[in-house]
Amino acid sequence: MTTSTYTADEMMSVAAARALSGGQRCFVGIGLPSTAANLARRTHAPDLVLIYESGTLGSKPDRLPASIGDGILAETADAVISVPEVFNYWLQPGRIDVGFLGAAQLDKFGNINTTVIGDDYADPKVRLPGAGGAPEIAANCHEVYVVVRQSKRSFVDQVDFVTSFGHGRGNGERARLGLRGAGPTLVITDLGVFRPDPDSHELVLTGVHPGVTVEQVREATGWELRVADDVATTPAPTSDELAVLRALKEASS
Amino acid sequence: MAEVVSLRDAVAELVHDGDVVAMEGFTHLIPVTAGHEIIRQRRRDLTLVRMTPDIVYDQLIGAGCARKLIFSWGGNPGVGSLHRFRDAVQHGWPVPLEIEEHSHAGMANRYVAGASGLPFAVLRGYVGTDLPNVTDTIKPITCPFTGEALTAVPAINPDVAIVHAQRADRAGNVQLWGLVGVQKEAVLAARRSLVTVEEVVDELEPVPGGMVLPSWAVDRVAEVPGGAHPSYAQGYSERDNAYYAAWDAISRDRDEFERWVERVRAGEEVNA
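Residue numbers (the working numbering), protein chains in the order written: chain A, 730 to 982; chain B, 12 to 283.
Simulated from the structure, these hints should not be mistaken for lab results. Since the structure is predicted, the reported quantities are computational estimates derived from the model, not experimental observations. One or more hints might be untrue.
[Unchecked claim] In silico DSBU-like pairs for lysine-lysine, Cα to Cα no more than 35 Å straight-line:
#	chain 1	residue 1	chain 2	residue 2
1	A	Lys854	A	Lys881
2	A	Lys854	B	Lys150
3	A	Lys854	B	Lys79
4	B	Lys150	B	Lys79
[As the list claims (entries may be wrong)] Have a look at the derived ranges for each label pair, beta carbon to beta carbon:
#	chain 1	residue 1	chain 2	residue 2	range
5	B	Val218	A	Val943	53 to 59 Å
6	B	Pro155	A	Ala961	47 to 53 Å
7	A	Arg898	B	Thr153	21 to 27 Å
[Unchecked claim] Derived contacts from chain A toward chain B, CB cut-off under 8 Å, selection only:
#	residue
8	Glu782
9	Gly784
10	Leu786
11	Ala795
12	Ser796
13	Ile797
14	Gly798
15	Val809
16	Pro858
17	Gly861
18	Gly862
19	Ala868
20	Asn900
21	Ala949
Glycine is no exception: its CB is placed at the ideal position from the N, C-alpha and C atoms.
Bound conformation, chain A alone (with noise of 0.2 Å):
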């Protein structure tokens, strides 16, 4: 035990949600993104939107949904429509600001991995759940983030399947492929933030969390780790931060 009174999981949370403004429309990934918006819209954003792909938007939620069409989204909606409609009218014309997104493997391009483990497809070593939305998600957002637990497993040099494509292979490759939104811009796990570099689009490590050192950050990452020349502090959570979130969480347990 550390002397802190906080996880390293709500450290993560709480810097996710500190990333979203108010008046932004958010497309908003189960798990991980959909705690940290929720947190978001129930502190600093009260503004924010919050779109499902189950076909809600606006979708105002006083506790955790426990799936993606939990019905407290839909009751809790400024309207609910279906799903080719959430994607062809509402993702695909570029109305959403943020795609936030989850992964089970990220590389150091922002590629997104949710398919297989392993080099097989066809015969994985590990199966994964699949795309879901967010390969359009990202493709279609003005920017996406991503918020994920990190170790080296999860953090790889390059994903074994690109799901939904980040930056690809870096230097302007998106572009060429003529997407639309600006892709992964920032990247939160348990031990900090990072954002690609302007250039090569590589992701660079600019933030860590408090008591996390780079040197552990560089354990956990699979690529050879680019750090920041300033590398910020990220500020520890409020308690008023830590009361929303950990009463989100027991509302919905």
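Fit chain B to the given chain A structure using the hints.
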């Protein structure tokens, strides 16, 4: 015009070995009891289609009903993996399972094309991903007007679509509301359709945001109260989150799962 019949008769009549079957429902209104009836009637070699295969597809796959799955996200929502699905993909148990994998946007558009009587749909999707490398139903296409590079996916026209709805009237007009997913598109894309409903009523009262599938667009309606359990029917039931968690333990173990299937085949109540 839709005929109101028993679930047993509807499945016996509409679902045949080797059929392409889409049982849709995006977390809400999942036709779970209809899936159990398919297991009970021992259908084989089905191609199962669904955007979000969850535990009822895990059950059908584990029971050996399917030879192929067309999907975009397979998991136990809020819990974790589908163990029968993984066992079939990774170990071919109980029978090998071919997969055809898309994204949600791609699948939604495949249903829209199917419902629209078009051979394919166009979207901004899949670009740069590995999905087109493993799925041959994703192809590049050039816009004939602007020259822009886009992606085409073929229509899905299932032999049978099965969905669950809140209610129907005695003439077979179906009414559903809340999260309506791709249910309308699935029914309209399919050659035959079955809707299970919470209740059959004399008259459908309008509901805000409600959707009606006219009787003449549906083949069979079966009254199956609680037929979406452990998913839910807004206005009728709550999602049974504990059941999803409990399924994890049942599905992890082949023997445990086989005992569950035997109970289904014996006609026991397996939803509790």
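Each hint tested on the structure:
Restraint check: the Cα-Cα separation between A/Lys854 and A/Lys881 comes to about 17 Å, which is no more than 35 Å; the hinted pair holds. Proposed proximity of A/Lys854 and B/Lys150 is supported: the alpha carbons are some 27 Å apart, at most 35 Å. Among the hinted pairs, A/Lys854 with B/Lys79 is consistent with the structure: their alpha-carbon atoms are about 20 Å apart, no more than 35 Å. A C-alpha spacing of about 21 Å is found between B/Lys150 and B/Lys79, which places the hinted pair at or below 35 Å, so the restraint holds.
Look at B/Val218 against A/Val943: about 57 Å separates their beta carbons, and that is inside 53 to 59 Å. A hinted range of 47 to 53 Å for the beta carbons of B/Pro155 and A/Ala961 is consistent with their spacing of about 50 Å. In this structure the hint that A/Arg898 and B/Thr153 lie 21 to 27 Å apart at CB holds, the actual value being about 25 Å. A least Cβ separation of about 6 Å between A/Glu782 and chain B falls short of the 8 Å threshold, and the interface hint therefore holds.
Using the Cβ-Cβ criterion of 8 Å, the hint placing A/Gly784 at the interface with chain B is satisfied: the shortest such distance is roughly 6 Å. Hint status for A/Leu786 relative to chain B: violated, with the closest Cβ pair at about 12 Å, above 8 Å. Checking A/Ala795 against chain B: minimum C-beta separation of about 5 Å stays under 8 Å; hint holds. Contact between A/Ser796 and chain B, as hinted, is supported at the beta carbon level, the nearest pair being about 4 Å apart and thus within 8 Å.
The criterion of a C-beta within 8 Å of any C-beta in chain B is met by A/Ile797, whose closest approach is roughly 6 Å, and the hint holds. With its C-beta approaching chain B no nearer than about 2 Å, A/Gly798 sits inside the 8 Å limit, and its interface hint holds. For A/Val809, the interface hint holds, since its Cβ comes within 8 Å of a Cβ in chain B; the closest pair sits about 6 Å apart. With its C-beta approaching chain B no nearer than about 4 Å, A/Pro858 sits inside the 8 Å limit, and its interface hint holds.
At a threshold of 8 Å, the smallest CB-CB gap from A/Gly861 to chain B is about 4 Å, leaving the interface hint in force. This hint holds: A/Gly862 has a C-beta 4 Å from the nearest C-beta of chain B, less than the 8 Å allowed. A cut of 8 Å between beta carbons decides the hint on A/Ala868: the least distance to chain B is about 6 Å, and the hint holds. A least Cβ separation of about 14 Å between A/Asn900 and chain B goes past the 8 Å threshold, and the interface hint is therefore violated.
Given the 8 Å rule on beta carbons, the hint for A/Ala949 is violated: about 23 Å separates it from the nearest Cβ of chain B.
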